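S.K.: One-letter residues, chain by chain:
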Amino acid sequence: MHYSLFNSTVVAYALSFVLYLTFLKTGKALTGRLGTLLLAAGLVTHYFALLERTRGLGPHAVPYHDLYGAMSLFGWLLALTYLGLELYHRQRTVGALVLPFVLIFFVAAHVAPADKLSPPGAHGPTFAFHVTLNILAYSAFALSFVLSVMFLIEERFLRKHQLGDVVWRLPPLELLERMSRSSVLIGLVSITVGTSFGFLWVYRLSDRYSFYDSKYAITLLVLILYVVYFWLARTTAWRGARASKLCVFNFLLVFLSFTVVNLYLSHNHRFF
Amino acid sequence: MEIVLVGLNHRTAPVEVRERVSFTAEQARRASEQLRSKGILEETLVLSTCNRSEVYGVPPEASHDSAPGLSTFLSEFHSVRLEVLNGSLYHHYDREAARHLFRVAAGLDSMMLGEAEILGQVREAYRIAHEQGATGPVLNRLFQGALEVGKRVRAETELGTRPMSVASAGVKLAERIFGKFEERSALVLGAGTISEQVIAQLRDRGIARLFVMNRSKERADGLAKQYGGEVLPWGEWERALPVPDVIVSSVATEEPVLRREIVERAMEKRSNRALFLMDLGLPRNIDAAVGELYNVYVYNMEDLSEIVAQNRHARENEIPKADSIVEEHVGKFLSWQASVELVGLVNELRSKLREERAQFVRSRVESIQHLTEADRTLLENLMDDILESLLLEPAQRLRGDKDLCRKVRNVEALRDLFLSRREKL
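Line order of the protein sequences matches chains A and B.
Counted from 1, the first sequence has number 200 at position 200 by the working numbering; the numbering is strictly sequential.
Counted from 1, the second sequence has number 469 at position 197 by the working numbering; the numbering is strictly sequential.
Worth flagging that the hints you see were computed from the coordinates, not collected in a lab.
No false leads were slipped in.
Straight line, CA to CA, 27 Å or less: simulated BS3-like cross-link-like pairs of lysine-lysine:
(1) B/Lys541 x A/Lys245
(2) B/Lys541 x A/Lys160
(3) A/Lys28 x B/Lys444
(4) B/Lys452 x A/Lys160
(5) A/Lys28 x B/Lys604
(6) A/Lys25 x B/Lys593
(7) B/Lys423 x B/Lys452
(8) B/Lys452 x B/Lys497
(9) A/Lys245 x B/Lys444
(10) A/Lys160 x B/Lys444
(11) B/Lys452 x A/Lys245
(12) B/Lys444 x B/Lys541
(13) A/Lys215 x A/Lys245
(14) A/Lys28 x B/Lys452
(15) B/Lys423 x B/Lys593
(16) A/Lys25 x B/Lys452
(17) A/Lys25 x B/Lys444
(18) B/Lys444 x B/Lys593
(19) B/Lys593 x A/Lys28
(20) B/Lys423 x A/Lys25
(21) B/Lys423 x A/Lys28
In this text, all values refer to a predicted model and were calculated from it rather than measured experimentally.
Whole structure, please, built from the sequences with the hints as guidance.
M.R.: And the structure:
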């Protein structure tokens, strides 16, 4: 990968993080706007870095054949989802908490040496959509996790009457809840469509891949739990802290699916 | 070119004195006119708020002795004996006057540190004086600087961000939960002064619906009419509580008005939608156990007072930052003032040197017989050129000098060197 792409992405994300943090502290609108602008710039250079990584993988390929590629793609989709939510909800104070994750995933993916595993035998647009959409779902769930943690912390401060400097700058609780629900909705749509593409692909290659995989079970469980969260958070007595706790729990399952299940239990999934 | 300020404020004068020398907009206009027509000041501006009455001006002569005349004028204008004002009035010149005004605009000199209203009052006073033609280049520059300082301090420090009254702290806390109030509703129990303060805050922040409940319906009607609210009959909790997002209670009562079971039932009806309760009554109006309910946030008077105290402390910590902005702008203003004075000085010197040259030509050159008229003109032009270059070089050096103190000192030194005492006065 071009070091200039790596450097410019790191610089853009790092500066964006600093600006978001300053915005959280001072509330100056210009600082927040610059943070957004640099995040967008980081997304562009990160995209080219991903493109660079896919060279040699063939057509319709996304760089998920190794852990580092999958991590980098995850970071990119996390930043993209966040930017979409920021623009939709017009709320920038969350940026300071999301950008460190984006930066960590990007740097971890690119600094560490790539593993020697060969790319999977499967290619094509169906497979590419399946993986990309599922990683998008994971990143959207990760974002809802961050928002829910923020909600729980702020809610605790407010209930315990512990109002430090930061509480006055954080987004209102109900906005955090709405943002979290939007993020989960993105994740639900992505995982549903992405998983459907996966089954379609398995169906086409049924001679080579099994229909039965532990990954399917946990994905179904994740899907159900997020649907439950989405329903509870909107309509019943669970709205507020209880729903946020459920969202945090759900993401722990996603994390389990992304790591332990992929690495040790699944036959057909590696890093996605 | 001197700036003088004479005035009094909440620190130097009790309210009985302040109210006797305060200016209405019309009085401010009249005072400005009189000050200029009597030749006391060339430029004037009257700044009068509930906490201060101040007259800023530029006297015709830079002598640092115009303050007593202004004090006498204030005493005569308001028909208050000078002895009453003595001890309350303060006066400042130039740097100190600029610093004082900039601190006022920044909210650093306000009774409530960092209050926002003062900047609007300074802006309004300047607008009136400017429209009246009472300000000139000096006060225009000074007040534009003050407005810039006020804006910068509010944008770059936290001096004005945190609520400083119990009512505003409560409303801001509710915003931490709900965000903007455009689609929210509030119920106010009680119709006393504190309730009215909270209602005013809620209305300022655009609350969509407002309900008032009070034992005396008459008072509730008055408040609801004044602020565009609806009156609900006292004690109809089943009907009233499921709707609002914010409940403010400030009633005189021995027993809590809102008990846990009442709020619990209301929370069931509202599907646990978040509820913010502000208890401003003493003794407390809301049962402490209400705060244990899910999605219910209760803040009482003590909690809110503590937040206000914390905020006051936080604002005080911002004073050094605000003061450094003030000092930066005082420096800029004095630099501008010194540059303007320098231009005036150069013009004065130029005309003085031309006079000297004309006298020299008359007494010495005209006696030289063999010089033609053309030679004489050439000689005069050459002398003008050399005088101009002698004058311009130090002036340019001074203009470019970044050290403000040195610049001011050198301007004074030039004046001392080339102009006689009579001319300086």
